[in-house]
Amino acid sequence: MKTKRLLGLLLLILPITGFVACSDDEPQDKVETVKMLISDKTGTYQPWGSDSPIDCMLVKEESESNYKTLDFQGITDFVYEKGYEYALWVEKRTLVNPPADGSSIVYKLIDVISKAKVEYEYTIKVDGPNPFILSPEGGEYEIPFTCKAKKFAEGNLIEDGYIPLKGLRYNMGTNYGGLTRVVKDGDKVGFYKFVIEGIPRFNMKAVPVWYCGIYTPDADLLFGPEPEPIYKQLFEQPQTEGEDYFMYSIVFMSTGTFAE
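Using mature numbering (1 follows the signal peptide of the UniProt record, and there is no 0), the letters of the sequence shown correspond one by one to residues -21 to -1, 1 to 239.
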(Lines of atoms letter the chains of each structure in order from A and count residues from 1; the text may use other names and numbers.)
(Lines give C-alpha, C1' and ligand atoms only; values in the text may rest on other atoms or scores of the structure.)
Protein backbone atom coordinates (compact mmCIF):
# COMPACT_ATOMS: atom_id res chain seq x y z
CA MET A 1 0.00 0.00 0.00
CA LYS A 2 2.83 2.35 0.93
CA THR A 3 4.60 1.48 -2.32
CA LYS A 4 1.56 2.50 -4.39
CA ARG A 5 1.24 5.75 -2.44
CA LEU A 6 4.92 6.62 -2.98
CA LEU A 7 4.62 5.78 -6.66
CA GLY A 8 1.62 8.09 -6.96
CA LEU A 9 3.47 10.95 -5.28
CA LEU A 10 6.46 10.40 -7.55
CA LEU A 11 4.27 10.52 -10.64
CA LEU A 12 2.73 13.77 -9.35
CA ILE A 13 6.11 15.40 -8.68
CA LEU A 14 7.63 14.55 -12.06
CA PRO A 15 5.24 16.73 -14.16
CA ILE A 16 5.73 19.66 -11.75
CA THR A 17 9.49 19.33 -11.96
CA GLY A 18 9.31 19.15 -15.72
CA PHE A 19 7.13 22.28 -15.80
CA VAL A 20 9.60 24.26 -13.69
CA ALA A 21 12.50 23.10 -15.84
CA CYS A 22 10.73 24.25 -18.98
CA SER A 23 10.06 27.68 -17.39
CA ASP A 24 13.76 28.06 -16.54
CA ASP A 25 14.60 27.50 -20.19
CA GLU A 26 12.51 30.50 -21.34
CA PRO A 27 14.54 33.55 -22.53
CA GLN A 28 15.15 36.15 -19.82
CA ASP A 29 15.98 39.85 -19.95
CA LYS A 30 19.72 40.50 -19.86
CA VAL A 31 20.60 42.71 -16.89
CA GLU A 32 24.04 44.26 -16.38
CA THR A 33 25.64 47.22 -14.63
CA VAL A 34 27.45 49.69 -16.91
CA LYS A 35 29.20 53.02 -16.52
CA MET A 36 27.48 55.70 -18.60
CA LEU A 37 28.83 59.13 -19.57
CA ILE A 38 26.38 62.01 -20.16
CA SER A 39 27.53 65.01 -22.22
CA ASP A 40 26.94 68.59 -21.14
CA LYS A 41 25.73 69.23 -24.68
CA THR A 42 22.34 68.13 -25.97
CA GLY A 43 21.26 66.67 -29.30
CA THR A 44 18.01 66.14 -31.18
CA TYR A 45 16.08 63.12 -32.36
CA GLN A 46 12.80 62.53 -34.12
CA PRO A 47 10.36 60.42 -32.08
CA TRP A 48 8.52 57.59 -33.76
CA GLY A 49 5.40 58.96 -35.47
CA SER A 50 6.46 62.61 -35.10
CA ASP A 51 7.31 65.11 -37.81
CA SER A 52 9.42 67.37 -35.59
CA PRO A 53 12.76 66.73 -33.84
CA ILE A 54 13.03 67.32 -30.09
CA ASP A 55 15.96 67.97 -27.76
CA CYS A 56 17.53 65.05 -25.93
CA MET A 57 20.63 63.91 -24.01
CA LEU A 58 23.85 62.70 -25.60
CA VAL A 59 25.09 59.56 -23.83
CA LYS A 60 27.56 56.74 -24.28
CA GLU A 61 28.63 53.71 -22.33
CA GLU A 62 32.23 53.79 -21.15
CA SER A 63 33.22 51.21 -23.77
CA GLU A 64 31.70 53.21 -26.65
CA SER A 65 33.51 55.80 -28.77
CA ASN A 66 30.62 57.96 -29.94
CA TYR A 67 27.72 59.61 -28.16
CA LYS A 68 24.18 58.59 -29.05
CA THR A 69 20.84 60.28 -28.45
CA LEU A 70 18.61 59.38 -25.50
CA ASP A 71 15.40 61.00 -24.29
CA PHE A 72 15.67 63.17 -21.16
CA GLN A 73 13.50 60.55 -19.40
CA GLY A 74 15.57 57.70 -20.83
CA ILE A 75 17.23 56.81 -17.51
CA THR A 76 14.75 56.02 -14.74
CA ASP A 77 15.32 58.04 -11.53
CA PHE A 78 17.84 60.35 -13.25
CA VAL A 79 17.20 64.10 -13.72
CA TYR A 80 19.41 65.78 -16.33
CA GLU A 81 20.58 69.38 -15.91
CA LYS A 82 21.82 71.21 -19.00
CA GLY A 83 25.37 72.50 -18.81
CA TYR A 84 26.61 69.60 -16.67
CA GLU A 85 28.36 66.39 -17.63
CA TYR A 86 27.85 63.21 -15.64
CA ALA A 87 29.34 59.80 -15.00
CA LEU A 88 26.74 57.28 -13.79
CA TRP A 89 26.40 53.67 -12.75
CA VAL A 90 23.23 52.41 -14.40
CA GLU A 91 21.35 49.17 -14.71
CA LYS A 92 21.12 48.24 -18.38
CA ARG A 93 18.27 45.87 -19.17
CA THR A 94 18.02 44.35 -22.64
CA LEU A 95 14.41 43.26 -23.09
CA VAL A 96 13.53 39.91 -24.59
CA ASN A 97 10.12 41.24 -25.62
CA PRO A 98 10.47 45.00 -26.21
CA PRO A 99 7.39 47.13 -26.93
CA ALA A 100 6.61 47.67 -30.60
CA ASP A 101 7.03 51.45 -30.28
CA GLY A 102 9.93 51.46 -27.82
CA SER A 103 13.58 50.55 -27.33
CA SER A 104 14.84 47.08 -26.56
CA ILE A 105 17.15 48.59 -23.92
CA VAL A 106 16.05 50.41 -20.76
CA TYR A 107 18.24 52.13 -18.19
CA LYS A 108 17.81 52.76 -14.47
CA LEU A 109 20.06 54.91 -12.30
CA ILE A 110 22.09 53.11 -9.65
CA ASP A 111 24.44 55.90 -8.56
CA VAL A 112 25.84 59.27 -9.69
CA ILE A 113 29.63 58.93 -9.83
CA SER A 114 30.29 62.57 -10.72
CA LYS A 115 28.53 65.76 -11.84
CA ALA A 116 30.58 68.70 -13.19
CA LYS A 117 29.58 72.17 -14.39
CA VAL A 118 31.03 72.72 -17.88
CA GLU A 119 31.89 76.07 -19.47
CA TYR A 120 33.55 76.99 -22.76
CA GLU A 121 35.75 79.82 -24.02
CA TYR A 122 35.39 80.07 -27.80
CA THR A 123 37.85 81.65 -30.22
CA ILE A 124 37.17 82.45 -33.88
CA LYS A 125 40.34 83.33 -35.80
CA VAL A 126 39.85 84.83 -39.26
CA ASP A 127 42.51 84.91 -41.97
CA GLY A 128 41.58 88.33 -43.31
CA PRO A 129 40.75 91.93 -42.37
CA ASN A 130 37.65 93.05 -40.51
CA PRO A 131 35.85 94.67 -42.19
CA PHE A 132 36.58 92.82 -45.41
CA ILE A 133 36.45 95.23 -48.37
CA LEU A 134 35.07 93.90 -51.66
CA SER A 135 35.76 95.35 -55.07
CA PRO A 136 33.13 97.79 -56.40
CA GLU A 137 32.65 95.24 -59.19
CA GLY A 138 31.35 92.68 -56.71
CA GLY A 139 32.21 89.01 -57.25
CA GLU A 140 32.68 85.99 -54.98
CA TYR A 141 35.24 85.87 -52.17
CA GLU A 142 36.32 83.33 -49.56
CA ILE A 143 37.65 84.18 -46.10
CA PRO A 144 39.11 81.22 -44.14
CA PHE A 145 38.63 81.00 -40.38
CA THR A 146 38.98 78.50 -37.55
CA CYS A 147 36.95 77.70 -34.45
CA LYS A 148 38.64 76.64 -31.20
CA ALA A 149 37.41 76.22 -27.64
CA LYS A 150 38.75 75.72 -24.16
CA LYS A 151 36.58 73.41 -22.07
CA PHE A 152 36.46 73.87 -18.30
CA ALA A 153 34.87 71.44 -15.82
CA GLU A 154 34.32 72.98 -12.38
CA GLY A 155 36.82 75.68 -13.38
CA ASN A 156 39.57 73.27 -14.43
CA LEU A 157 40.82 73.26 -18.03
CA ILE A 158 40.29 69.76 -19.43
CA GLU A 159 40.30 70.29 -23.22
CA ASP A 160 41.74 72.85 -25.62
CA GLY A 161 41.54 72.48 -29.38
CA TYR A 162 39.65 72.87 -32.63
CA ILE A 163 35.94 72.15 -32.50
CA PRO A 164 33.10 72.15 -35.03
CA LEU A 165 30.70 75.08 -35.18
CA LYS A 166 27.87 72.62 -34.51
CA GLY A 167 25.59 73.98 -31.80
CA LEU A 168 26.84 77.57 -32.04
CA ARG A 169 24.39 80.25 -33.18
CA TYR A 170 24.69 82.58 -36.15
CA ASN A 171 23.12 85.79 -37.39
CA MET A 172 23.78 86.99 -40.95
CA GLY A 173 22.35 90.20 -42.31
CA THR A 174 22.53 92.62 -45.23
CA ASN A 175 20.39 95.47 -46.48
CA TYR A 176 21.50 95.57 -50.08
CA GLY A 177 21.64 92.07 -51.56
CA GLY A 178 25.04 90.54 -50.85
CA LEU A 179 25.04 86.79 -50.26
CA THR A 180 26.79 85.13 -47.30
CA ARG A 181 27.45 81.46 -46.50
CA VAL A 182 29.61 79.56 -44.02
CA VAL A 183 31.02 76.26 -45.31
CA LYS A 184 33.62 73.73 -44.17
CA ASP A 185 37.14 74.34 -45.46
CA GLY A 186 38.45 70.82 -46.06
CA ASP A 187 38.07 67.82 -43.76
CA LYS A 188 39.84 69.12 -40.66
CA VAL A 189 37.71 69.75 -37.57
CA GLY A 190 37.19 73.44 -36.87
CA PHE A 191 38.26 74.79 -40.29
CA TYR A 192 35.69 76.90 -42.17
CA LYS A 193 35.34 79.83 -44.53
CA PHE A 194 32.95 82.68 -45.18
CA VAL A 195 31.80 82.64 -48.79
CA ILE A 196 30.49 86.04 -49.82
CA GLU A 197 29.22 87.37 -53.12
CA GLY A 198 28.76 91.03 -53.90
CA ILE A 199 26.51 92.32 -56.66
CA PRO A 200 27.96 94.45 -59.51
CA ARG A 201 28.29 98.22 -59.23
CA PHE A 202 25.40 99.74 -57.34
CA ASN A 203 24.08 102.92 -55.80
CA MET A 204 21.55 102.91 -52.98
CA LYS A 205 19.86 105.45 -50.77
CA ALA A 206 20.71 103.71 -47.49
CA VAL A 207 24.16 102.98 -46.05
CA PRO A 208 25.09 99.37 -46.92
CA VAL A 209 25.17 97.01 -43.93
CA TRP A 210 26.57 93.50 -44.24
CA TYR A 211 27.74 91.16 -41.46
CA CYS A 212 27.95 87.62 -40.06
CA GLY A 213 27.98 87.10 -36.29
CA ILE A 214 28.78 83.86 -34.41
CA TYR A 215 27.39 83.37 -30.89
CA THR A 216 27.30 80.92 -27.99
CA PRO A 217 24.70 78.10 -28.04
CA ASP A 218 22.45 79.84 -25.50
CA ALA A 219 22.43 83.25 -27.25
CA ASP A 220 18.94 84.69 -27.77
CA LEU A 221 19.00 86.28 -31.22
CA LEU A 222 15.27 86.87 -31.52
CA PHE A 223 14.33 88.99 -28.51
CA GLY A 224 15.97 91.82 -26.62
CA PRO A 225 19.31 93.49 -27.38
CA GLU A 226 21.92 91.71 -29.47
CA PRO A 227 24.05 89.42 -27.28
CA GLU A 228 27.83 89.72 -27.29
CA PRO A 229 29.16 87.73 -30.26
CA ILE A 230 32.11 85.36 -30.14
CA TYR A 231 33.07 87.04 -33.39
CA LYS A 232 31.34 89.37 -35.84
CA GLN A 233 32.71 89.71 -39.37
CA LEU A 234 31.80 92.85 -41.33
CA PHE A 235 31.80 93.16 -45.11
CA GLU A 236 31.88 96.36 -47.16
CA GLN A 237 31.52 97.01 -50.86
CA PRO A 238 32.00 100.59 -52.08
CA GLN A 239 29.06 102.12 -53.89
CA THR A 240 29.31 103.54 -57.38
CA GLU A 241 29.34 107.32 -57.23
CA GLY A 242 27.82 109.62 -59.80
CA GLU A 243 25.53 107.05 -61.41
CA ASP A 244 21.92 107.88 -62.26
CA TYR A 245 20.50 104.65 -60.84
CA PHE A 246 19.95 103.44 -57.30
CA MET A 247 18.84 100.41 -55.36
CA TYR A 248 16.28 100.46 -52.59
CA SER A 249 17.24 98.90 -49.26
CA ILE A 250 16.80 95.12 -49.24
CA VAL A 251 16.49 93.66 -45.78
CA PHE A 252 17.72 90.10 -45.43
CA MET A 253 18.48 88.31 -42.16
CA SER A 254 19.23 84.66 -41.43
CA THR A 255 19.36 83.40 -37.84
CA GLY A 256 19.89 79.83 -36.70
CA THR A 257 22.16 77.15 -35.27
CA PHE A 258 25.11 75.61 -37.09
CA ALA A 259 24.45 71.96 -37.95
CA GLU A 260 28.07 70.88 -38.46
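Treat the hints as calculated values from the structure; they're not laboratory data.
Hints should not be assumed to be uniformly reliable.
Said to hold, decoys possible - Computed list of lysine to aspartate or glutamate pairs in EDC-like fashion (alpha-carbon distance at most 20 angstroms, straight line):
id	residue 1	residue 2
1	K184	E215
2	K20	E215
3	K172	E70
4	K163	E121
5	K39	D4
Comparing the hints with the structure gives:
no., hint, in the structure
1, K184 <-> E215, "holds (15 angstroms)"
2, K20 <-> E215, "violated (36 angstroms)"
3, K172 <-> E70, "violated (45 angstroms)"
4, K163 <-> E121, "holds (11 angstroms)"
5, K39 <-> D4, "violated (32 angstroms)"
The structure fails hints 2, 3, 5 (numbered hints given earlier, in ascending order).
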